[in-house]
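Protein sequences appear in the order of chains A and B.
The opening residue of the first sequence carries number 1 in this note's numbering; numbering runs sequentially from there.
The opening residue of the second sequence carries number 1001 in this note's numbering; numbering runs sequentially from there.
Since the hints were made in silico from the structure, they are not lab data.
A couple of the hints might just be wrong.
[What the hints assert, rightly or not] Listed next, the in silico SDA-like pairs over lysine to any residue satisfying Cα-Cα at most 20 Å (straight line):
#1 A:K305 - A:S319
#2 A:K30 - B:D1306
#3 A:K77 - B:L1110
#4 B:K1108 - A:S68
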Amino acid sequence: MNKPLRRIAIFCGLLVLTLLIRDNWLQYVKADNLREDPKNRRVTIARYSTPRGDIVVDGDPITGSTESSKTGLNDLKYKRTYKNGPMWSPVTGYASQAFGANQLESIEDGILTGDDDRLFFRNTLDMITGKERQGGNIVTTLNAAAQKAAYNGLKAQGGKGAAVAIEPSTGKILALASYPSYDPSVFAGNSNDDAKAWKDLQKKYNPNDPMLNRALRETYPPGSTFKVVTAAAALENGLYKTADENTKSPLPWTMPGTTTQLKNEGSIPCKNATMRIALRYSCNTVFGKIGADLGNDKMLAEAKKFGFDAEQFTPIRSSSSVFSDDMNQSQTALSSIGQYNTAATPLQMAMVASAVANGGKLMKPYMVDKLQSSNLDTLTQTEPQELSQPLTSENAQILQSMMETVVKEGTGTKAQISGATVGGKTGTAQHGVENSENPYAWFISYARLSDGSAPVAVAVVIEDDQANRDDISGGGLAAPIAKSVMEAVINAKK
Amino acid sequence: MSSTTNTSTHHTSTIGAIGAPSRRNTELALLVFAVVIPVFAYANVGLAINDQVPAGLLGYGLGLGLLAGVAHLAVRKFAPYADPLLLPLATLLNGLGLVVIWRLDQSKLLQSLPNFAPAAPRQLLYTALGIAMFAAVLFFLKDHRVLQRYTYISMFGALVLLMLPLVPGLGANIYGAKIWINIPGLGSLQPGEFAKIVLAVFFAGYLMVKRDALALASRRFMGLYLPRGRDLGPILVVWAISILILVFETDLGTSLLFFGMFVIMLYVATERTSWIVFGLLMSAVGAVGVASFEPHVKSRVDSWLDPMREFTLSRQGVAGHSEQLQQALWAFGSGGTLGTGWGQGHSDLIRFAANSDFILATFGEELGLAGIMAILLIYGLIVERGVRTALAARDPFGKLLAVGLSGAFALQVFVVAGGVMGLIPLTGMTMPFVAYGGSSVLANWALIGILIRISDTARRPAPAPASNPDAEMTQVVRP
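Build the full structure now, drawing on both the sequences and the hints.
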């Protein structure tokens, strides 16, 4: 009987070995996945076990932490609070005991809760000295005055919309506003009131979809503002050498391969216009023809250099803006004036204006300047990074002078600022079946100071279903908001 | 190979060697560790949760020490040549189990559940009863071969124990599995835990008599010895009974345990590999068949295949779904390599049965991979000491009984730990010694008592004359 007994001994050993292997799989190989699973309640418990670090703008925190009410079985000690929540929520995102976290609150959760590896030394020190673990801070690049101007401008206007401002020379995001917005503090806890507030903000129950971050996550047809990209493509590909040469554009112009004539808005002097004139009056025919002449590939290449067709991580992810890659000449012509399939996020169009203002260099947009430990030591500092060069500096200067003409004597006069040179482009994009819905009003611009520096580039988009259809034009609705944002940045510099 | 009949070797590590030292002092020294380690753990939990050494530390330490002392004295008096490892290992597991149960008693979340009552005091009482049971086994069972006389009574007894939960008015359906009975005034009891031991007695007695017929009368086919049709009878009956348990009590674990134990004992008795093959085939067919038709078993399989879906459904309030398994997996994962430390995990999120079926998850979270490996190795050691006892035993009945009990113990550990770790579908059984539950503690202490009795008989210098002709000798003359 001993031989089978020995085999049984081996079999029992194998059973234990199997368990050991499974346990290694679970607690070693899969441990991190399980530990960091957002549905794992421990993640939430850890997140709220100590006061969260703060998100800082201009030296002042825009977030806070308060002890949760001790009623019932709340295993979460601290609750998030927000200052001026609706204005800042496109930046902060939310951190809710019941509904998780998103955007900066989620991306930099490790720093804010204090369990990031970069805080390891600090935490070990705290453990030895017996201090409670403390979260680090996120210092943003945002400019409080610019953000306030952007949000209040959108709010006063009343329609859905978004505004983004960037510092062209670095890519620092100065303003990032979306309207209508939401206050993340109303559902930061896990009570029934929080649940109701959360429910009321969901798109299902709220057609305005206040939780959509329009500045980063909504793509709109950019309309005539895209003509800046088309002009850049014309210059870069040598189709035209200067702003003031005859483009030899006929009027009316029939799109190649079709019998359809591309229309201009009103009777504007577009026949054989120069690019400067065409941009000033926003000639569809001229820029449509440029697109058709350059073709899909060259237009797409230039759009990609401006950041189209890619998600940006600011670090909050933006949706990728679209310029199609399989179009015939007439579709390319329509796309080159910002219609057809072309769609861009407000961030994308701000990047376009910023690249032009920065002598043709596109800087990677970012909003986290540095991460700090709780005692304000800098853990990481974001260095500005060049993303691409869509324009040579000569061509950038040509394009600047064209855009400055638009503001000086064209469609964008409402963005003029005394003491600064403003270059911009208006846009009115149609959308909906047969263009039945209200157009989007766009304005992109930058401001240059007398010393030659360009401290700010802005993109504003407004979708207004209340306003009279004819009233909507980028120059009328969006330009004043862009102007106040630029003024706020310039005044903050002084 | 035949170390049991070879009396000339003097390996001190071999239990079977005649004239080996009794090793009682080794056992005592190990027992000190088995008591001190849980006492430190207890202090640790208190410091982690309330920032102070728990008030009950002295009482707890003295209580556990006293129980271990009683058990040790009982072994010293009634089984002086017993294996020195079994008692300290079981004491250590039992002590650690008590600590974890007490730790879970401190959880506010568990305290808020309906029907909450502190489990640790009761578990301490069960432990005392278990040690009493252990001592009683050693006192009354002077020679394990006496059990042979009760072979068929055992069969009857085991069947009664297994059927009890199905008796209307007595059986209790607790969260799907019908493996409990309610005794008014005493609480609930899991007869399956006791049936395990009684059934092992029956199998050992039965197979000892029938093993030659089962082993020799066979035809060789494709390298396997096929048994005669009529010899297939017993295995078919046991198989049918385990399937019936599965269907009516909806308990995969108990069913697997009994069938597995029978196949192991059958294999040891007959030395025929074909039984293993048959056993595996039959259990596979049975398990798959029942799992596809019986809704409760099927839902357990579904939950095993996709714990996250089960979690989501449970959170959506769909009846009949439980988030326990996913919570247990998170507990294991969050423990990582070294664990959070005593009292600092959140395994109470498992809620119901956190201190019984799922107690291993708390070990996993608070002691980490290192702790679980240590616990599993302790279980492995108990099993291997049991099999060693079987090797050393001089009579076939003792061999079969020891291997049956050890095998059942190993299978139970595998089925429960594997279930909690998501390796196999969950069953309704509990980790021996560590989990909360009177039946489990009592039955397992009795099991250790019987193993200690067999090992004492095996290592005793002047063996009592066997009541049977030595089966090993008859095998030698076999052609």
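The hints, checked one at a time:
This hinted pair checks out: A:K305 and A:S319 have alpha carbons roughly 16 Å apart, not beyond 20 Å. Restraint check for A:K30 and B:D1306: the C-alpha separation of about 16 Å stays at or below 20 Å, so the hint holds. Between A:K77 and B:L1110, the direct Cα distance comes to roughly 18 Å. Compliance with the 20 Å bound is thereby established for this hinted pair. Distance check on the hinted pair: B:K1108 and A:S68 sit about 17 Å apart at the alpha-carbon level, within 20 Å; holds.
In this structure, none of the earlier numbered hints is contradicted; all agree with it.
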